[in-house]
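Colleague: Protein chains in written order, with my numbering: chain A, 4 to 190; chain B, 315 to 416.
The set of hints was computed from the structure by calculation and includes no laboratory data. All of these numbers come straight from a predicted model, not from anything done at the bench. There's no promise every hint is true.
Unchecked claim - Computed cross-link-like contacts, SDA-like style, restricted to lysine to any residue with a CA-CA straight-line distance of at most 25 Å:
1. A:Lys5 <-> B:Ile319
2. A:Lys132 <-> A:Gly48
3. A:Lys135 <-> A:Ala54
4. A:Lys172 <-> B:Thr405
5. A:Lys172 <-> B:Ser408
6. A:Lys5 <-> B:Val324
7. A:Lys132 <-> B:Leu323
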Amino acid sequence: MKYIEIAFFAFNALLTFGGGLITVGSRRPIRSAMGLLASIVGIAGCYLLLAAEFLAAIQLIVYAGAVVILFIFVVMLLGSASVSPSDARSAVPRYLGAGVFLFSGVGALGLVIRAATAEAEAAKALPEKFGKVSAIGHEIFTSRIVPFELTGALLLVAVVGAMAVARGKQSDPTRRLDKTAEPEAAE
Amino acid sequence: MSVPINYFLVLAAALFATGAVGFLLRRNLLVLLMSIELMLNAVNLTLVAFNRIHGTDHGGQILAFFIIAIAAAEAAVGLAIVLAFFRLRQTVRSDEANTLKN
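Next comes chain A alone, as it looks inside the complex:
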């Protein structure tokens, strides 16, 4: 049982980190989106190991089912323009910044690994139903109801804002209807 869990974690960790590397390193955005998908599925597997079944389902539904699809829609909408041509402008400050961050990131990773190998904190026994839908739902709808409602308001604002921003300037909707026959309506 123990080795199965270790192997499952190793598989998910490989999926997550490899997907992250593909996301960042790939030249084509569609491959980046696929890398992001692999990373998200791997993290959902990690949630299962961490007794967060509800979050694993939410991760797959929201991220793999909505966010990645949204990215792929935009990549396909932009077509070949989504692959930006390589250009050496402003390369030095970018590589400098990324190098500095990579250096500090590796340093922080070293600190985490050193602390991790020092002593592994034993996980306490969990209460029954920990991470299940019923327990989390009870907690969200009792003690965390205000942030939950505020999240709903935020999502509404985000939907309206995204539509307003992406639609562009079309002040008169009736005029727009008449021009649908033309391939490129005036902006």
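Could you slot chain B onto chain A? The hints should help.
Modeller: What follows is chain B alone, placed relative to chain A:
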């Protein structure tokens, strides 16, 4: 629970570093947004991992739940901005966004 919690923290730290380096290094706006998603996922993994060892309530998991909701909203608005920017400049390179320069 046979997998030590520290493994998850190391994985999350590595993923966050990957996302941050990608955010600084790449110039494609779509990849920048995906790097932000990677970083948010890494933070979520850390929250859930710590919630696993301090399992008295679901604070970490619920915070991760809210972060997922906010990340979805952020992706929608960010992609709308990318589309508006593309309509303006016919490109998705982030250093073409220099209207306010000079």
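Colleague: Does each hint fit the structure? Answer for all of them.
Modeller: Each hint tested on the structure:
1. For the hint linking A:Lys5 to B:Ile319, the alpha-carbon distance of about 14 Å falls within 25 Å, and the restraint holds.
2. For the hint pairing A:Lys132 with A:Gly48, the CA-to-CA distance comes to about 19 Å; that is within 25 Å, so the pair holds.
3. With a C-alpha separation of about 8 Å, the suggested pair A:Lys135 and A:Ala54 falls inside the 25 Å cut-off, and the hint holds.
4. Between A:Lys172 and B:Thr405 the alpha-carbon distance is near 19 Å, which keeps this suggested pair within the 25 Å criterion.
5. Under the criterion of a C-alpha separation no larger than 25 Å, the hint pairing A:Lys172 with B:Ser408 is consistent with the structure, at around 22 Å.
6. Proximity of A:Lys5 to B:Val324 is assessed by CA-CA distance (about 20 Å); at most 25 Å being required, the pair is judged to hold.
7. About 24 Å separates the Cα atoms of A:Lys132 and B:Leu323, which keeps this hinted pair within 25 Å; it holds.
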